[in-house]
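Student: Sequence:
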Amino acid sequence: MKRVREDELEFDDDGVAFYQRELFTGEAIEFDNLGNRVGLTTYKDGYEEGISREWAPGGNLISEGVVARGGRAVGLWRRWHSNGRLAHERRFGDLGGLRSDRQWDEEGNLIKDRTYDVPH
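In this note's numbering, the protein residues as written are 3 to 122.
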């Protein structure tokens with residue numbers, strides 16, 4: 003899979019990504035001004051589709067999940083506290099509807115656990 007820096011991509015007015023004047027398929031890595039990796043976005047035929055990750059400047063993973071074409075979250079999405087413990091876990095259906103939502107405090111105690119009846 004092709005991997006480029008996010009700032010190497012060009013976007014049209016509709017937000018479609020191009021690399022060297024062609025629709026981009028691959029992973030775009032975002033860096034902060036100190037050179038730390040802070041984001042990864044996956045594209046297919048110019049549209050965000052696939053794995054999305056966000057890191058803190060120190061390198062700890064902040065969040066990850068999957069984006070379907072059209073920009074909707076699908077499948078499992080997770081966020082972590084700065085101490086590395088899981089903070090939030092949300093599961094989305096194939097059409098983007100929220101199916102479950104769980105949250106933990108910084109000590110790892112479950113503080114929210116909800117399930118929703120939504121179409122796939």
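Mixed in with the good hints there might be a few duds.
Unchecked claim - Distance windows between CB atoms, simulated: (1) Phe20 to Asn111: 30 to 38 Å; (2) Phe20 to Arg74: 40 to 48 Å; (3) Glu8 to Gly86: 38 to 46 Å; (4) Asn111 to Glu24: 48 to 56 Å; (5) Asp14 to Glu109: 41 to 49 Å; (6) Ile31 to Gly86: 35 to 43 Å; (7) Asp119 to Asn38: 37 to 45 Å; (8) Val18 to Glu108: 23 to 31 Å; (9) Asn38 to Val120: 17 to 25 Å; (10) Gln22 to Asn111: 48 to 56 Å; (11) Glu32 to Asp119: 31 to 39 Å.
Source of the hints: derived by calculation from the structure; they are not laboratory data. The beta carbon of each residue, even a glycine, is placed where N, CA and C say it ideally should be.
Student: All hints, please: hold or fail.
Tutor: Checked hints:
1. About 46 Å separates the C-beta atoms of Phe20 and Asn111, a value inconsistent with the hinted range of 30 to 38 Å.
2. In this structure the supplied range 40 to 48 Å is violated for Phe20 paired with Arg74, their Cβ-Cβ distance being about 22 Å.
3. As the Cβ distance of Glu8 to Gly86 is approximately 25 Å, the hint placing it in 38 to 46 Å is violated.
4. Separation of Asn111 from Glu24 is about 49 Å and conforms to the stated range, judged on CB atoms against 48 to 56 Å.
5. With their beta carbons about 46 Å apart, Asp14 and Glu109 fall inside the hinted range of 41 to 49 Å.
6. Distance hint for Ile31 and Gly86: a CB-CB separation of about 22 Å, inconsistent with the stated range 35 to 43 Å.
7. Between Asp119 and Asn38 the C-beta distance comes to about 41 Å, which sits within the given range of 37 to 45 Å.
8. Between Val18 and Glu108 the Cβ separation comes to about 39 Å, which falls outside the hinted range of 23 to 31 Å.
9. Look at Asn38 against Val120: about 37 Å separates their beta carbons, and that is not inside 17 to 25 Å.
10. Between Gln22 and Asn111 the beta carbons are some 49 Å apart, a value that agrees with the proposed interval 48 to 56 Å.
11. Restraint check, Glu32 to Asp119: a C-beta distance of roughly 36 Å satisfies the suggested window 31 to 39 Å.
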